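Those protein sequence lines, which keep their order, are chains C and G.
Going by this note's numbering, the first sequence runs without a break in its numbering and finishes at 211.
Going by this note's numbering, the second sequence runs without a break in its numbering and finishes at 447.
Treat each hint with caution, since some may be false.
[Unchecked claim] One side of the interface only, derived from the structure: several residues of chain G facing chain C at Cβ under 8 Å:
id : residue
1  : G242
2  : I311
3  : A330
4  : F388
[Stated by the list, open to error] List time: in silico EDC-like cross-link candidates among lysine to aspartate or glutamate, alpha-carbon distance up to 20 Å:
id : chain 1 : residue 1 : chain 2 : residue 2
5  : G       : K283      : G       : D226
6  : G       : K304      : G       : E270
7  : G       : K383      : C       : E62
8  : C       : K168      : G       : E343
9  : C       : K168      : C       : D200
10 : G       : K296      : G       : E306
11 : G       : K362      : G       : E308
12 : G       : K228      : G       : E408
13 : G       : K284      : G       : E306
14 : G       : K345      : G       : E310
15 : G       : K218      : G       : D425
16 : G       : K383      : C       : D64
17 : G       : K257      : G       : E300
18 : G       : K257      : G       : D214
19 : C       : K168      : G       : E354
20 : C       : K139      : G       : E444
21 : G       : K405      : C       : D64
22 : C       : K139      : C       : D16
23 : G       : K383      : C       : D59
24 : C       : K139      : G       : E270
25 : C       : K184      : C       : E206
26 : G       : K215      : G       : E408
27 : C       : K168      : G       : E408
28 : G       : K383      : C       : E63
29 : G       : K218      : G       : E343
[As the list claims (entries may be wrong)] Stretches of chain G that chain C covers, calculated by requiring three or more beta carbons in the stretch to come under 8 Å of a beta carbon on chain C:
id : stretch
30 : 212 to 223
31 : 226 to 240
32 : 274 to 284
33 : 389 to 401
34 : 422 to 432
To be clear, the hints were calculated from the coordinates, so they are not data collected in a lab.
Being a predicted model, the structure only gives us computed values, none of them experimental.
We put the CB at the ideal spot given by N, CA and C, even for glycine.
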Amino acid sequence: MTGWTREQMAELAAHDIPDGSYVNLGIGIPELVAKFVPEGREFIYHTENGLLGMGPAPDPSEEDHELINAGKKMVTVVPGGSFFDHATSFTMIRGGHIDVCVLGAMQVSEQGDLANWSTGAATAIPAVGGAMDLAAGVKTIFVITQHTTKTGDAKIVKNCTYPLTGPKIVSRIFTNLAVLDVTKDGLRVLKMAPGISFEDLQAQTEADLIQ
Amino acid sequence: MIDKRVKSVADAVADIKGGATIMIGGFGEAGSPTELIHALIDTGVKDLTVINNNTGNGEVGLAALIGAGQVKKMICSYPRSSHSKVFPELYLKGEIELEIVPQGTLAERIRAGGTGIPAFYTATTVGTPLAEGKEIRSFDGQEFVLEYGLKADFALIKCESSDRLGNLIYNKTARNFNPVMCTAADVTIVQTHKLVELGSLDSEAIVTPNIFVDRIVEVSDPVIESHLIAAGECYP
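Pulled out of the complex, with its shape left as it was, chain C reads as follows:
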């Protein structure tokens, strides 16, 4: 059961971001969202290491090791872009000024709890970066993730077993199999990938789904 590709998941998420949004994209599949801005919409991308108005990766001739994103990859600046220090950058995040954040996940619960920073294992080195600040401060949080782990374990769960990044913060989940809305009644299925039945989807999901 493969369902949507990473690019298709990113395109679905981009489609649900309103015109004029200030957007922060997490590392990994969320970065692909920037390739799929729907026609007629303008998003402004924030990267927490101090740039508002982030553009795509540079041509090799324009690479600059002092112009990078939060994943430490080289990027560009769009017209109107600005640089600032970390305190200002996290004022944008923690002060509620960023409209939408798209994050990856290790687990998401049916209440919208997100775990994406540590397995909690004794040998794991904790590394949180800006994830908890985004979780606490951004108005709308989308998650893009494969529906299950590589070994087939559920990632959409009743309760997260990994340490939380933030409780009750996710509003919508985009997986390779479905788009799910977090509601007060539980996870509602908005869309399913072609060829996926509700029964297939539920079988891959620990949390109870609402059709």
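Dock chain G against chain C, hints included.
This is chain G only, laid out in the frame that chain C set:
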């Protein structure tokens, strides 16, 4: 006459003693004062507490300082990266302490330290393991966690241009933690790519006013850490 220029990176860090707390600017390699860090390695001082977003890359810069056994504790948000091997090895052997701080809380703790605010409340980490054991208080029905301001004995900073007074401007995303760290250390030591004539920096564009800066050293051809790592170089 005020003149904060010093002759060499070695002179700039010569009075840093063992046991000091040091803020080091940079986010990954961008804005990392690598030459000042290498000068600190040369001094051999130990038992340092270092505040940085990361733990360095490869075996140069901050990673080399850690690898030399000079750091007893790291305060950072993200001690992993694709080229970060030195810290994980020491940490898993129990040979270095780690205080993990969310990136925004880290920036705000430094900002608070620099502006004379001893502690503040934030929503970040509420409901997560990183809030355990910390004071929680409700404001308008929402919970917040108490976090303390951070100060340091020294800050090691990289900027793009400075004049002799220590007015600083930075380059693109190499700004990151540098300006806020300048405000929170007893002694702020800056390596500048270019040393410029007083009056040549636009007063509207100066990011760090000189009151926050103590020493300036020109490093006109700074290394690029990722180039050193790609070449397999180690410091010293």
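So, going through the hints one by one against the coordinates:
no. : hint             : result
1   : G242             : 7 Å, holds
2   : I311             : 5 Å, holds
3   : A330             : 16 Å, violated
4   : F388             : 5 Å, holds
5   : K283/G to D226/G : 19 Å, holds
6   : K304/G to E270/G : 18 Å, holds
7   : K383/G to E62/C  : 14 Å, holds
8   : K168/C to E343/G : 18 Å, holds
9   : K168/C to D200/C : 26 Å, violated
10  : K296/G to E306/G : 14 Å, holds
11  : K362/G to E308/G : 18 Å, holds
12  : K228/G to E408/G : 32 Å, violated
13  : K284/G to E306/G : 9 Å, holds
14  : K345/G to E310/G : 14 Å, holds
15  : K218/G to D425/G : 14 Å, holds
16  : K383/G to D64/C  : 9 Å, holds
17  : K257/G to E300/G : 18 Å, holds
18  : K257/G to D214/G : 30 Å, violated
19  : K168/C to E354/G : 13 Å, holds
20  : K139/C to E444/G : 44 Å, violated
21  : K405/G to D64/C  : 17 Å, holds
22  : K139/C to D16/C  : 14 Å, holds
23  : K383/G to D59/C  : 17 Å, holds
24  : K139/C to E270/G : 40 Å, violated
25  : K184/C to E206/C : 17 Å, holds
26  : K215/G to E408/G : 13 Å, holds
27  : K168/C to E408/G : 54 Å, violated
28  : K383/G to E63/C  : 12 Å, holds
29  : K218/G to E343/G : 47 Å, violated
30  : 212 to 223       : violated (count 0)
31  : 226 to 240       : holds (count 3)
32  : 274 to 284       : violated (count 0)
33  : 389 to 401       : holds (count 3)
34  : 422 to 432       : violated (count 0)
Checked against the numbered hints given earlier, the structure breaks hints 3, 9, 12, 18, 20, 24, 27, 29, 30, 32, 34 and satisfies all the rest.
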